[in-house]
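Participant: All chains should be modelled from the sequences, with the hints used to inform the complete structure.
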Amino acid sequence: MNDLRTPLARVKGLGSARDGTSHFWHQRLTALLLVPLTLWIGFCIAALPVEYEALVSWVRQPLVTVALVLLVIAVFYHAQLGLQVVIEDYISSHARRTVVLLLSNLLCLFFGTVGVVSVLKIAFGA
Amino acid sequence: MSNHNHPLSPHLQIYRLPLTALLSIAHRITGVILAFGILVLVWVLTAAAHSAGYYAMLAAHLQAWYGQIFLIGFLFSLYLHFCNGIRHLFWDVGYGFELDTVDLTAKLAIVMAVVLTVATWIIGGS
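Just so you know, the protein sequences line up as chains A and B, in that order. Take the first sequence: its position 112, counting from 1, is numbered 112 in my numbering, and each next residue is one higher. Take the second sequence: its position 13, counting from 1, is numbered 1013 in my numbering, and each next residue is one higher.
A few of these clues could be false.
What the hints assert, rightly or not - Covered by chain A, per the in silico footprint, the following chain B stretches (three or more residues, Cβ under 8 Å):
1. 1027–1033
2. 1049–1060
3. 1071–1082
4. 1097–1111
Unchecked claim - One-sided excerpt, in silico: chain B residues whose CB lies under 8 Å from chain A:
5. 1017
6. 1021
7. 1039
8. 1040
9. 1120
Stated by the list, open to error - Here are a few chain B residues that face chain A, going by a calculated C-beta distance under 10 Å:
10. 1008
11. 1009
12. 1012
13. 1042
14. 1046
15. 1064
16. 1066
17. 1114
18. 1115
The set of hints was computed from the structure by calculation and includes no laboratory data. C-beta atoms are modelled at their ideal positions from N, C-alpha and C, and glycine is treated no differently.
Facilitator: Now the structure itself:
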């Protein structure tokens, strides 16, 4: 094995190029997915009557349910990736950065899950 | 090294940022705004999943003046991030790097963001 990294660098596990591009790539994939979804949700929200019954019957259409779940997942994944870059850029203390990153990732996961469950709950009854 | 005649890069507060630089930081700021703004939209979904009464309460807040200011701000942030994001997607595949193209697409992104915001608002108001 010809490894140019120092033993310390290997132990720290930073700098491996194995999935170095996955962050970039996933940010772009979710961005592409969000192009049609953003236009759709923007104009749907605008055209939607604010009455409760109208909203519920709209969410219950199968295609709308699917699109909304996709949208929530893509938005929160995209947000998590974006917030990660901002946090990494502006918080220089390693300990604080790690904590804030962890919090940001967990909150994105949490609110994304809340969003998906809410859509499904509206769609499937209650 | 104490040669004071060498050219200095202008200080950020003196240097007039080109439009692309302004849009670059605006992309970041709107991204963070959107990350927080989507929490309100998830809240709407959660409210609708909870009950008609809770949804009506939240809808009333969104229709009040502060709710409307939030929604307009959110929509404009969304569309600016959206339009500038499309510029980024073109850059990612290697198009649009010529200086005059960059300037043109920057202006186009801002104009389109305003147009989309107004269009969404008009549809929503009718």
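Participant: Using a Cβ cutoff of 8 Å, are there at least 3 residues of the stretch 1097–1111 of chain B near chain A, or does the coverage claim fail?
Facilitator: Answer violated; 0 residues pass the 8 Å Cβ test.
Participant: Using 10 Å as the Cβ threshold, decide whether residue 1042 (chain B) counts as touching chain A.
Facilitator: OK, holds: residue 1042 (chain B) within 10 Å of chain A, min 4 Å.
Participant: How does the coverage statement for the stretch 1071–1082 of chain B fare against chain A, requiring three or more residues with Cβ below 8 Å from a Cβ of that chain?
Facilitator: Since three or more residues must qualify, the claim that chain A covers the stretch 1071–1082 of chain B holds, with 4 doing so at under 8 Å.
Participant: Any CB of chain A closer than 8 Å to the CB of residue 1017 (chain B)?
Facilitator: Since the shortest Cβ distance to chain A is 17 Å, the answer is violated.
Participant: With a cut-off of 10 Å, does the beta carbon of residue 1066 (chain B) approach a beta carbon of chain A closely enough for the hint to hold?
Facilitator: 16 Å, violated
Participant: Can the hint on residue 1012 (chain B) be confirmed by a CB-to-CB distance to chain A that is less than 10 Å?
Facilitator: 15 Å, violated
Participant: Does residue 1021 (chain B) pass the interface check with chain A, least Cβ-Cβ distance below 8 Å?
Facilitator: Given a least distance of 15 Å, the restraint on residue 1021 (chain B) is violated.
Participant: Should the hint that residue 1115 (chain B) touches chain A count as held when the rule is a Cβ pair under 10 Å?
Facilitator: Violated. Min distance 12 Å.
Participant: Close enough to count: is the Cβ of residue 1046 (chain B) nearer than 10 Å to one in chain A?
Facilitator: This interface hint holds because 5 Å falls under the 10 Å limit.
Participant: Holds or violated: residue 1008 (chain B) as interface residue toward chain A, Cβ cutoff 10 Å?
Facilitator: 24 Å, violated
Participant: Measuring from the C-beta of residue 1039 (chain B) to each C-beta in chain A, is the shortest one below 8 Å?
Facilitator: Status holds, d = 6 Å.
Participant: Is the shortest C-beta separation between residue 1009 (chain B) and chain A less than 10 Å?
Facilitator: 19 Å, violated
Violated hints for the displayed structure, listed by number in ascending order: 4, 5, 6, 8, 10, 11, 12, 15, 16, 17, 18.
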